[in-house]
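Visitor: I would like the entire structure built from these sequences, with the hints used as guidance.
Listed below, chain by chain, are the residues.
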Amino acid sequence: MKNTRTLELLVGLFVAAGLAALFMLAMSVSNLASYGGDDGYVIKARFDNIGGLKVRSPVAASGVRIGRVTDIQYDLEGFEALVSMSIDPQYNVFPIDSSASILTSGLLGEQYIGIEPGAEEEFLVEGSEIDITQSALVLEQIIGQFLYSKADE
Amino acid sequence: MVNHLLDRIQGLGRSTMNSAARLGRANVFLMSVFAGLSGMLVRPGLLIKQLFSVGVQTLIIILVAGLFVGMVMALQAYYALVDFGAEDSVSVMVVLSLLRELGPVITALLFAGRAGSALTAEIGLMKATEQLSGMEMMAVNPIERVVAPRFLAGIVSMPMLAAIFSAVGVLGGYLVAVELLGLDSGAFWSQAQAKVELYEDLGNGMIKSLVFGFVVAWIAVFEGYDCIPTSEGLGQATTRTVVYSSLAILALDFVLTALMFGK
Amino acid sequence: MSETLIKIRGLKFSRGDRVIFENVDMDIPRTGITAIMGPSGTGKTTLLKLIGGQLTPDAGIIEVDGQDVHKLRTRDLYALRKRMGMLFQSGALLTDLSVFDNVAYPIREHTRLSEVMVRQLVLLKLNAVGLRGAVDLMPSELSGGMARRVAMARAIALDPMMIMYDEPFTGQDPISMGVLVQLIKSLNDALKICSIVVSHDVFETMSIADYVYIISAGTVVEHGSPEDMHNSQSEWTRQFIDGLADGPVPFHFDAPPLLDDLFAASGRRRG
Chain A
1 MKNTRTLELL VGLFVAAGLA ALFMLAMSVS NLASYGGDDG YVIKARFDNI
51 GGLKVRSPVA ASGVRIGRVT DIQYDLEGFE ALVSMSIDPQ YNVFPIDSSA
101 SILTSGLLGE QYIGIEPGAE EEFLVEGSEI DITQSALVLE QIIGQFLYSK
151 ADE
Chain B
1 MVNHLLDRIQ GLGRSTMNSA ARLGRANVFL MSVFAGLSGM LVRPGLLIKQ
51 LFSVGVQTLI IILVAGLFVG MVMALQAYYA LVDFGAEDSV SVMVVLSLLR
101 ELGPVITALL FAGRAGSALT AEIGLMKATE QLSGMEMMAV NPIERVVAPR
151 FLAGIVSMPM LAAIFSAVGV LGGYLVAVEL LGLDSGAFWS QAQAKVELYE
201 DLGNGMIKSL VFGFVVAWIA VFEGYDCIPT SEGLGQATTR TVVYSSLAIL
251 ALDFVLTALM FGK
Chain C
1 MSETLIKIRG LKFSRGDRVI FENVDMDIPR TGITAIMGPS GTGKTTLLKL
51 IGGQLTPDAG IIEVDGQDVH KLRTRDLYAL RKRMGMLFQS GALLTDLSVF
101 DNVAYPIREH TRLSEVMVRQ LVLLKLNAVG LRGAVDLMPS ELSGGMARRV
151 AMARAIALDP MMIMYDEPFT GQDPISMGVL VQLIKSLNDA LKICSIVVSH
201 DVFETMSIAD YVYIISAGTV VEHGSPEDMH NSQSEWTRQF IDGLADGPVP
251 FHFDAPPLLD DLFAASGRRR G
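Chains as they are written, first to last, in the working numbering: chain A, 1 to 153; chain B, 1 to 263; chain C, 1 to 271.
Derived by calculation from the structure, the hints in this document are not laboratory data. Keep in mind that this is a model prediction, so the values were computed, not measured. It cannot be assumed that every hint is accurate.
Once the Cα atoms are required to be at most 16 Å apart in a straight line, the calculated EDC-like pairs of lysine to aspartate or glutamate come out as [unchecked claim]:
no. : chain 1 : residue 1 : chain 2 : residue 2
1   : A       : Lys44     : A       : Glu80
2   : C       : Lys192    : C       : Glu3
3   : C       : Lys49     : C       : Glu167
4   : C       : Lys192    : C       : Asp159
5   : C       : Lys49     : C       : Glu63
6   : B       : Lys49     : A       : Glu8
7   : C       : Lys185    : C       : Asp210
8   : C       : Lys185    : C       : Glu204
9   : C       : Lys12     : C       : Glu63
10  : A       : Lys54     : B       : Glu200
11  : B       : Lys49     : C       : Asp96
12  : B       : Lys195    : A       : Glu80
13  : C       : Lys44     : C       : Glu222
14  : C       : Lys44     : C       : Asp76
15  : A       : Lys54     : B       : Glu197
Guide: Structure follows, in structure tokens:
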């Protein structure tokens, strides 16, 4: 029955290789490592214009990823976009007067939220809202402003 | 002239009827294969044997193809992105295209050519040499004993092979991007990690390959079981397996992609 | 003639537009060798498949051991098939199993005997066909005649009440043909079973048959003992048994007169 044994061994190796490949893909090239469970705390911010921001866009401080956007809604009361983001639990000491801006990575890159820490003693916690925000730069508006300023000269 | 035209129309009608009948037979056949799957619980050895000939023996071409596809993807992505100064995103492009499209699709195409045609030929030959009839006359259900293990082995093997294909492809991309083109190895992995979603990309890719595995295995065993038991009929059936499987894979890929990634 | 094992009444079967059987009646006794003979293409193999329940007739009934084969549920049909042995033209051995495993296959499938018992049974069955020495060979290493003998050992593995032989002599050299003829005869006598031999090898089949059915064009042309056949007055039977080139079955396939065809080179018709 040596034949059967080799056969089973090879099939076992094959299945193991398949699972190992899945594991490798999950760990080293997907964002499984950054999932770390969804036990981060959620904060909110309002923007006039979110540009190309999407759910799952990164949230970064000084360029370091600290969380991700979990929800984007349109707030009919203030006619603004209401963005919820989940911040990883280890980054829990952002002052309450921190500001959020929508930035673009590189010239044509995707948009993300950059958090700029403030100076207050109190920290942002679950459900806090960031008051100071800066909207995305929209190309048409920039060009418009540029033309107006030229016309003024 | 009119007669000739009428003949043509009649022929069209007949081939439509034949296709519909074949499709019906294929579905009835699938049901009986499902019914036969339970036999696998009693005889796991049959499945292991088929996993070997369907999965393990396809592994080599999957490894080689995956490596080269990953390498060429990295090269192409690099040439396209370097103009924008975005060459760090090479890994994103390689990994995303492998996980979402190339991994499942190329694996399925290679699988149809290597394992699918072999399945059809094997079952067809068993039919032509009356082995299937012989089993029936020994009061053994050939669908349960011959077809079901091969069918299940096809479905189980495909996601494994696709995962291995993608993993090897990523390694090939890494070799080209980091070792050959001198990109930063840290950036390679971190860019990919930042952009690739576990469920959305990897998960959906695996679902795709499961569906492909199901369809290819179904076509292959049906064509074998339904073939005309002559050497000519066998050859036609083998060709049909590869052609139908490939078309089905590409068409299904479009449908699945639209369902999964279209918003 | 002893008691009837297989009773066929009003059998009708067609493939597409082609009628294979039209109103066939047969009675096959429980013991002895019954030969079914006829020219190639008359559906002799089809008849065996109908008896085995692999094909369903358009009309008529086939009863085996008192059970209507085509009214049985799958499980009962399988139970009936366990008591039928069938020897296919090619042997139909499973190519990925050794001779031993092939003969052991039905035993392992349908009984719960220990491996020791299985081994003893297989060796006995192989001994009966004279191939105990080939027990470890693969089917690809066997000659055609040997493959058929192994298939015979497999067919008798479960001690069936009947064995159907589909063209057992086709394409055999005189020696293995003699061996097969002898085997069919001795197995039948030793096991006291019903053997049905479908063949167009007149001489060999007649030499062992107890009863003969001759079929052609979908109907039974004549039946009786081999002596009856040799003394038959039917022109058709004479042609078949004596192997005459021309007779009721014409030498020429239907065609227009030769001269017409030869001089009709211009404006050739297409069918």
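Visitor: Against each hint, give a clear statement of whether it holds in the structure.
Guide: Hint check:
Note on Lys44(A) and Glu80(A): the hinted pairing holds, with a Cα-Cα distance of about 12 Å set against a maximum of 16 Å. Taking the CA atoms of Lys192(C) and Glu3(C), the gap is near 13 Å; set against the 16 Å cutoff, the hint holds. For the hint pairing Lys49(C) with Glu167(C), the CA-to-CA distance comes to about 13 Å; that is within 16 Å, so the pair holds. A C-alpha spacing of about 10 Å is found between Lys192(C) and Asp159(C), which places the hinted pair at or below 16 Å, so the restraint holds.
A distance of roughly 13 Å separates the Cα atoms of Lys49(C) and Glu63(C); the hinted pair therefore holds under the 16 Å criterion. Proximity of Lys49(B) to Glu8(A) is assessed by CA-CA distance (about 8 Å); at most 16 Å being required, the pair is judged to hold. Distance hint between Lys185(C) and Asp210(C) is fulfilled; the C-alpha atoms sit about 10 Å from each other, no more than 16 Å. Between Lys185(C) and Glu204(C), the direct Cα distance comes to roughly 11 Å. Compliance with the 16 Å bound is thereby established for this hinted pair.
This hinted pair checks out: Lys12(C) and Glu63(C) have alpha carbons roughly 14 Å apart, not beyond 16 Å. In summary, the hint linking Lys54(A) to Glu200(B) is supported, as the alpha carbons are separated by about 15 Å, within the 16 Å threshold. For the hint pairing Lys49(B) with Asp96(C), the CA-to-CA distance comes to about 11 Å; that is within 16 Å, so the pair holds. Distance hint between Lys195(B) and Glu80(A) is unfulfilled; the C-alpha atoms sit about 27 Å from each other, more than 16 Å.
Taken as a hint, the Lys44(C) and Glu222(C) pair is honoured in the structure, with Cα atoms around 15 Å apart against an allowance of 16 Å. Restraint check: the Cα-Cα separation between Lys44(C) and Asp76(C) comes to about 25 Å, which exceeds 16 Å; the hinted pair is violated. Of the pairs offered as hints, the one joining Lys54(A) and Glu197(B) holds, with about 14 Å between alpha carbons and a cut-off of 16 Å not exceeded.
Hints 12, 14 from the list above are not met by this structure, while the remaining hints are.
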